[in-house]
Amino acid sequence: MTVSRRTLLEWAIRASATPAGIHFFSRWTEAAQSQSATAHSGTSHSGAQSAPDFLATYPPQFFSARDFAALESFTQILIPTDETPGAREAHCAHFVDFLLHSMGTLSPDTQQQWRDALSSLEAAGFHDSSPEQRKSMVAKIAAPELDPALEKSPAFAAYLLIKRETVFAFYTSRAGIIGALDYRGNTYNVSFPACTHPEHHEI
Amino acid sequence: MAVKYDAIVVGSGACGGWAAMELAQAGMKVLMLEAGSPVDQSADFHHTFLYDLKFRGRGEPGFLRRYSGSERNYRIMLDNEENPYTTSPGTVYRWSRSRCLGGRSLHWARASDRMADYEFKAASRDGYGMDWALSYADLKPYYDRVERFIGVSGAAEGFPQFPDGIFLPVMPLNCAETIFTAACKSLNWPTTHRRLAQLTTPLNGRPPCHYCGNCVNGCDVGAMFSTVSTTLRPALKTGNLEVRTDSVAAQVRMNNENRAQGVTYIERFTRRSVDVDARIVILAASTLENTRLLLLSQKEGLANSSGTLGHYMLDQIGGGGVIGFLPKLKGGPSRLDDGKSAGITIPNLVNIDARTARKDFIRGYVINATGGQSEYPLYAASLPGFGSEWKKEVRSRFVAQARVWIAGGEMLARKENFVELDPEVKDHWGIPVLKIHFSHCDNDRALLAHFQQTAEELFRKAGGEAMAMTGPSAPVGFPGAPGSPDAAPSKTTPAARKLTPSGVIHEVGTARMSVSPRDGVLNAFCQTHDIPNLYVFGGNAFPSTGDKHPTLTMMALAARGCDHMLESVKSRTV
Ligand SMILES: Cc1cc2nc3c(=O)[nH]c(=O)nc-3n(C[C@H](O)[C@H](O)[C@H](O)COP(=O)(O)OP(=O)(O)OC[C@H]3O[C@@H](n4cnc5c(N)ncnc54)[C@H](O)[C@@H]3O)c2cc1C
Ligand code: SF4
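Going down the list, the sequences are from chains X and A.
Using the numbering used here, you'd call the opening residue of the first sequence number 1 and step up by one each time.
Using the numbering used here, you'd call the opening residue of the second sequence number 1001 and step up by one each time.
Isolated chain X, as found in the complex:
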């Protein structure tokens, strides 16, 4: 069974009713807000954000430290930090970890799916590989996504699962939507800018 983004979030929301969930969410929000304060006051539309304090020392709560490190590295290969922020600045792995942790005993299936995902990466040797090896490993695992004729390795499902959640965590973060995509909406403007391109007026 593949779990849709929506399903995962639904679980997260139910789970956040647990005391542990509420605690995490409130700290998470504080961190997000301190980042967004920068967004509103500054004119900069890109640039990496420094990690909020509590995330810098964040101990993984769902994954083992070893799996969490592997997941972090995987998300950073998927969405690397380059000229714009990546999964590192958006703390995508943290987001996934706290969602799964907050599920408590509500969603054993999803939690198992993620454990299996990390196990299949472990089995493929991802955890013990060097950063360079990891990159080519992900490329190999992901190949059938571009060419469905290729054979899918056992880790392909893990790739799709991690990608889906990483993409959500990234583009709902400030690092993703402002930093990487330079989104200009949700602001105060005197007028709405008209298209000024002659080439758009002709087909």
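Hints listed in this document are in silico derivations from the structure and should not be mistaken for laboratory results.
One or more of the hints may lead you astray.
As the list claims (entries may be wrong) - Label pairs and their calculated CB-CB ranges:
(1) Thr1086(A) / Thr105(X): 30 to 38 Å
(2) Ser1396(A) / Ser130(X): 28 to 36 Å
(3) Lys1140(A) / Ile203(X): 34 to 42 Å
(4) Gln1298(A) / Gln61(X): 56 to 64 Å
(5) Ile203(X) / Arg1148(A): 34 to 42 Å
(6) Ile203(X) / Pro1333(A): 17 to 25 Å
(7) Ala1043(A) / Lys140(X): 54 to 62 Å
(8) Ile203(X) / Gln1298(A): 53 to 61 Å
(9) Gln61(X) / Glu1267(A): 53 to 61 Å
(10) Pro1202(A) / Ile203(X): 33 to 41 Å
(11) Glu1424(A) / Ala139(X): 53 to 61 Å
(12) Arg1233(A) / Thr105(X): 49 to 57 Å
(13) Gly1430(A) / Asp109(X): 32 to 40 Å
Unchecked claim - Calculated from the model, a selection of chain X residues having no Cβ within reach of chain A, i.e. all distances over 12 Å:
(14) Tyr58
(15) Gln61
(16) Thr84
(17) His101
(18) His127
(19) Gln133
(20) Ser153
(21) Pro154
Fair warning: this is a prediction, and the values are worked out from it, not measured in the lab.
Backbone N, C-alpha and C fix where the C-beta goes; we use that ideal spot for every residue, glycine too.
For chain X, the structure is supplied; the task is to place chain A with the ligands on it using the hints.
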């Protein structure tokens, strides 16, 4: 003893707000009953990004299941657990409601169109269904009055099937909308700016829009029309209006002379039942709630001598559409694209006259199109690949997003689409809920299929690259299951498939207007045929949907009904 009011208005949405304002300004003592809580736009509405929200938009614990809407706007939506409804087997209908001061006017999409005589008189032309009991000329002064007061931005075009109104200046088109306009021009199709109840200049003490794009979450400054921003303030200023929020109307009470005596409502929190009396009762609790109240007020339904109450339920046809990218825009500079939440409108092109008549279906549909940046890149998870190249591709497509959707397709009125009281299920206050029986017919499906062809033709002409499709009524390319490889963008525009029509939250009918009391519940003034001091404002009166967004017409009908009421009070016929 209860205070005696001149009029009770049940509901504070677009129609209730209008009625309360007009009647209070005319000197009537008005009581407004609103089932939901009060709303203060400047205190309650704020700009927020997804990352500001605890749950990134998905809502507090349990809310996702309990509330329609999102983490941002659930407060101006409705608690589904307190307010259930049921459907017959086979019915797929999502009834989207709001319970709060202002109702759905607080989060609606603001598209404000006038209907034309080819819609009001469609039955005379093609022989199906029933004409409206009025014509455009009857309604025109009221369209004028409503538009002048609420403020609608738009351009006068002279299209006979899309009557012009009293307009504020337009909002300029973004790049995607400009390209779609050019595509229409080369196809020889008419287009105009989407007509929106959003201010482009100050009006009646309200400031103009600041193009934040937050409209569906509530406008913090009141630049978009809502009861709270526009009609309530002048109504309260008269001193003639009393508003009771958290007051759930449960039935209309009658006296011995076949007149409405007043309304019984239940205090939302204490559940105490309260009777209030008035000379006139106006139901404006939204189309289906109005009909529910009539069904609750008397066995077989109040004002139902025609037997049509509850029947001929309608909603405009939705479904299909195209989502994808405009290659011309790929990799272009960032710009504000979604700050007006607007688009362009392509008026109906079929079945307007003999030349455009079709053999495979009757009636028509209107198309909208827009594109550009949005607050979340929905396509990203389905875009194959990863890494810096993938990220660049996501960015490059972000400004090039494009979509074409059906604004409203006319659905045919059929008696077998109806609402009734569910014999078993009750709401939080013990009031029986509605059971909805709703389905589409072949004409509806043929119309939607034709829309789909037209939408794809437009997309192709604009040079668009559509995404692959999923789901029976999902737009082409809408990633129904994000991340699933089958939702990946494809270069080929998919051919029209067998689409399943859905509703578009434009529910109307169930107490249609008629010339003869035998054929409907209301007359052309939205007064019940059976009970002279009972009026019903909302979409109830619509004998057919037409292809325009319905709310402006509902408000014009309410304005006309108020005039009629005030005349009747003067001449003592009510
Ligand atoms: C997301 C969305 C987008 C839309 N976009 C458009 C658009 O672009 N153009 C368009 O024309 N239309 C649009 N609509 C439809 C539009 O919102 C409705 O047609 C319009 O609001 C109807 O006005 P109303 O006054 O009849 O009802 P509502 O606005 O629904 O108000 C009804 C009020 O009555 C109250 N009420 C209900 N039951 C009771 C009771 N028992 N006792 C007391 N009070 C009660 C409710 O709490 C509510 O405040 C949209 C709707 C939605 C949901
Ligand atoms: S876009 Fe304009 S009308 Fe909509 S919420 Fe912002 S200011 Fe209000």
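Quick rundown of the hints versus the structure:
no.	hint	verdict
1	Thr1086(A) / Thr105(X): 30 to 38 Å	holds, 32 Å
2	Ser1396(A) / Ser130(X): 28 to 36 Å	holds, 31 Å
3	Lys1140(A) / Ile203(X): 34 to 42 Å	holds, 36 Å
4	Gln1298(A) / Gln61(X): 56 to 64 Å	holds, 59 Å
5	Ile203(X) / Arg1148(A): 34 to 42 Å	holds, 37 Å
6	Ile203(X) / Pro1333(A): 17 to 25 Å	holds, 21 Å
7	Ala1043(A) / Lys140(X): 54 to 62 Å	holds, 55 Å
8	Ile203(X) / Gln1298(A): 53 to 61 Å	holds, 60 Å
9	Gln61(X) / Glu1267(A): 53 to 61 Å	violated, 45 Å
10	Pro1202(A) / Ile203(X): 33 to 41 Å	holds, 37 Å
11	Glu1424(A) / Ala139(X): 53 to 61 Å	holds, 58 Å
12	Arg1233(A) / Thr105(X): 49 to 57 Å	holds, 51 Å
13	Gly1430(A) / Asp109(X): 32 to 40 Å	holds, 38 Å
14	Tyr58	holds, 17 Å
15	Gln61	holds, 17 Å
16	Thr84	violated, 7 Å
17	His101	holds, 15 Å
18	His127	holds, 19 Å
19	Gln133	holds, 15 Å
20	Ser153	holds, 15 Å
21	Pro154	holds, 17 Å
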